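There are 2 protein chains.
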Amino acid sequence: MYYIGIDIGGMSIKTGLVDETGRLHFKKVFTTKPDEPSLIIISCIADFVKEMLAENALTLKDISGIGIGIPGSVDSKKGTVRYCCNINLVDVKLVAELSKLLNFKNIKISNDANCAALGETRFGAGRGAANTVMITLGTGVGSGIISDGRLFEGGFSAGAEAGHTTVMMKGGDECGCGFKGHWEAYASATALIRQTKRAVEKAPTSKLAELAEKGVTGRTAFDAAKQGCKAAQKVVRKYLEYVGIGLVNLCNLFYPEIVIIGGGISNEGDYIIKPLQRYANKYVYGRGYNPKIKITRAELLNDAGIIGAASLCMEQS
Amino acid sequence: MYYIGIDIGGMSIKTGLVDETGRLHFKKVFTTKPDEPSLIIISCIADFVKEMLAENALTLKDISGIGIGIPGSVDSKKGTVRYCCNINLVDVKLVAELSKLLNFKNIKISNDANCAALGETRFGAGRGAANTVMITLGTGVGSGIISDGRLFEGGFSAGAEAGHTTVMMKGGDECGCGFKGHWEAYASATALIRQTKRAVEKAPTSKLAELAEKGVTGRTAFDAAKQGCKAAQKVVRKYLEYVGIGLVNLCNLFYPEIVIIGGGISNEGDYIIKPLQRYANKYVYGRGYNPKIKITRAELLNDAGIIGAASLCMEQS
Numbered sequence: 001m002y003y004i005g006i007d008i009g010g011m012s013i014k015t016g017l018v019d020e021t022g023r024l025h026f027k028k029v030f031t032t033k034p035d036e037p038s039l040i041i042i043s044c045i046a047d048f049v050k051e052m053l054a055e056n057a058l059t060l061k062d063i064s065g066i067g068i069g070i071p072g073s074v075d076s077k078k079g080t081v082r083y084c085c086n087i088n089l090v091d092v093k094l095v096a097e098l099s100k101l102l103n104f105k106n107i108k109i110s111n112d113a114n115c116a117a118l119g120e121t122r123f124g125a126g127r128g129a130a131n132t133v134m135i136t137l138g139t140g141v142g143s144g145i146i147s148d149g150r151l152f153e154g155g156f157s158a159g160a161e162a163g164h165t166t167v168m169m170k171g172g173d174e175c176g177c178g179f180k181g182h183w184e185a186y187a188s189a190t191a192l193i194r195q196t197k198r199a200v201e202k203a204p205t206s207k208l209a210e211l212a213e214k215g216v217t218g219r220t221a222f223d224a225a226k227q228g229c230k231a232a233q234k235v236v237r238k239y240l241e242y243v244g245i246g247l248v249n250l251c252n253l254f255y256p257e258i259v260i261i262g263g264g265i266s267n268e269g270d271y272i273i274k275p276l277q278r279y280a281n282k283y284v285y286g287r288g289y290n291p292k293i294k295i296t297r298a299e300l301l302n303d304a305g306i307i308g309a310a311s312l313c314m315e316q317s
Numbered sequence: 001m002y003y004i005g006i007d008i009g010g011m012s013i014k015t016g017l018v019d020e021t022g023r024l025h026f027k028k029v030f031t032t033k034p035d036e037p038s039l040i041i042i043s044c045i046a047d048f049v050k051e052m053l054a055e056n057a058l059t060l061k062d063i064s065g066i067g068i069g070i071p072g073s074v075d076s077k078k079g080t081v082r083y084c085c086n087i088n089l090v091d092v093k094l095v096a097e098l099s100k101l102l103n104f105k106n107i108k109i110s111n112d113a114n115c116a117a118l119g120e121t122r123f124g125a126g127r128g129a130a131n132t133v134m135i136t137l138g139t140g141v142g143s144g145i146i147s148d149g150r151l152f153e154g155g156f157s158a159g160a161e162a163g164h165t166t167v168m169m170k171g172g173d174e175c176g177c178g179f180k181g182h183w184e185a186y187a188s189a190t191a192l193i194r195q196t197k198r199a200v201e202k203a204p205t206s207k208l209a210e211l212a213e214k215g216v217t218g219r220t221a222f223d224a225a226k227q228g229c230k231a232a233q234k235v236v237r238k239y240l241e242y243v244g245i246g247l248v249n250l251c252n253l254f255y256p257e258i259v260i261i262g263g264g265i266s267n268e269g270d271y272i273i274k275p276l277q278r279y280a281n282k283y284v285y286g287r288g289y290n291p292k293i294k295i296t297r298a299e300l301l302n303d304a305g306i307i308g309a310a311s312l313c314m315e316q317s
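One line per chain: the protein sequences are A and B, in this order.
Under our numbering, think of the first position of the first sequence as 1, with each following residue one higher.
Under our numbering, think of the first position of the second sequence as 1, with each following residue one higher.
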């Protein structure tokens, strides 16, 4: 038996066949039109499921459950999507509608960052841990929490939005959501790019400025820092401090055994993991008498969303 | 049948008899010497329990369970206390030792702020809610979280330390724990007193300064503000903003139905609840499509700790 994992994005919908050990057997990425009416999008999802099954000579009788990760606000108990910002799934009974279209009952949904955290915890960097926090450093800052072996979504499945907690309450940088001083405004790749550009203006003759001429990405500051550029090293040091502050805040609230770092920035590996580990060791509350928290890099990478979504339907979710 | 609730503080240990509806039938406050060896303190607790039972012509056969709130870090699953800062209960098997002394099995412990949150949720301002956050604005800032009807303690029971999350990452005020920029350094009564004293220096001819001559407390700024003093109103406005920032952070992570405000500052009632409600309505993430969060004042006041501790042993804790 397989589980189907579906990871919905703005421009593409990734689908996969996952077994109960978390192994991804087949993956297919479909493109979609994010502005179509909700019911058309759901009908497309049903078609994608059927298409993937047909390609693998399977039917829904071979499937134990379908899990879906949503880039927005869901009510996982009711199976409804309240709001998505980059695809038109708004105020819609996704589980009920899809269930009707496919004539299939075991369908579950959650927020996409939650799904990634669940996938990494069950089958990736958090294997064996009962309490984990996953932080995704990408365009935004995603966060997902596993507590006592179960996905923690907060009331109305609306919690775990660490990217939008305030870490700089006076004069903070502006967040994508419109408010100032949120963690995401300092710790996302987008924020790092902004920080890099500011540093380039201040140090126009630096290696950082030279590399920036090709266009600034989330890697520019890291690349220049590794080549010994002081200006870049300062950017990286400050950026990791910003990441560390929110990471420690999450540790003080959830006290995980493991914090898993994902997203594009996590490709820097030990170059970011080691300083973050030192930061956590120094600043987590009660570090003198509470168990040590391990900081580690995500393992499932781009597949965490599909595998995690699939595992929503596995026992103990 | 009764439950015994014990609320341990630095200088006093409160004990009470609580029934399964959360009603406190008897309460007694014992003084203790916080510097005695751990085992002596535990032996005193056993004596206090026996003394209270004798005074009420009861025996341990009339007791369903004993719950204890600890002002420090505990491992509630193991029944051990890791550390307390104002009483010498450090690295000690509290539940096992007390159980041996009393020859009584059903003893549970948790952090005192967690107990207060549990008491208020089951039997006070949060009755009927499955997801609540309680914030105690006193000498420090305590926080306790109820999630899906159960006490949320985080991994190793070491989480829920919202007072020590960073809200001001550059140039922040110093917290009691030694680090800077923590929420407690801005939102505790201690912080409000500091903020009031600063304002008095800047406005030495104000009503605030006049009231401050009798000594500054957590009430001074509120009293002067209610009498129309602009300087005091500014202190109160900023202070409530500080409280609001951390409150919204907790909402974004836990998304409770109700946030319960306790501690000395909560005596200001609607004068603080209404602005905090407006703040939450404006700043909680996803407020446009997620259910509204209600901010309310604690009801059990000083008894929340005892009642909550007792309810640790009631079903579904």
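Heads up, a few of these hints could be off.
No distinction is drawn between identical chains; accordingly, a pair holds when it is met within one copy or between any pair of copies.
[Stated by the list, open to error] Cut-off 25 Å, straight-line C-alpha distance, at most; resulting in silico cross-link-like pairs (DSS-like, lysine-lysine):
1) Lys-27 / Lys-234
2) Lys-294 / Lys-78
3) Lys-93 / Lys-292
4) Lys-100 / Lys-28
5) Lys-180 / Lys-294
6) Lys-33 / Lys-207
7) Lys-294 / Lys-238
8) Lys-93 / Lys-274
9) Lys-274 / Lys-180
10) Lys-105 / Lys-27
11) Lys-77 / Lys-180
It should be emphasised that the hints constitute simulated quantities derived from the structure, not laboratory data.
Keep in mind the model is a prediction, meaning the values are calculated, not measured.
Exercise. Among all the numbered hints in the text so far, which are the ones the structure does not match?
Worked result: Hints 1, 6, 8 and 11 are the ones this structure does not satisfy, whereas the remaining hints hold.
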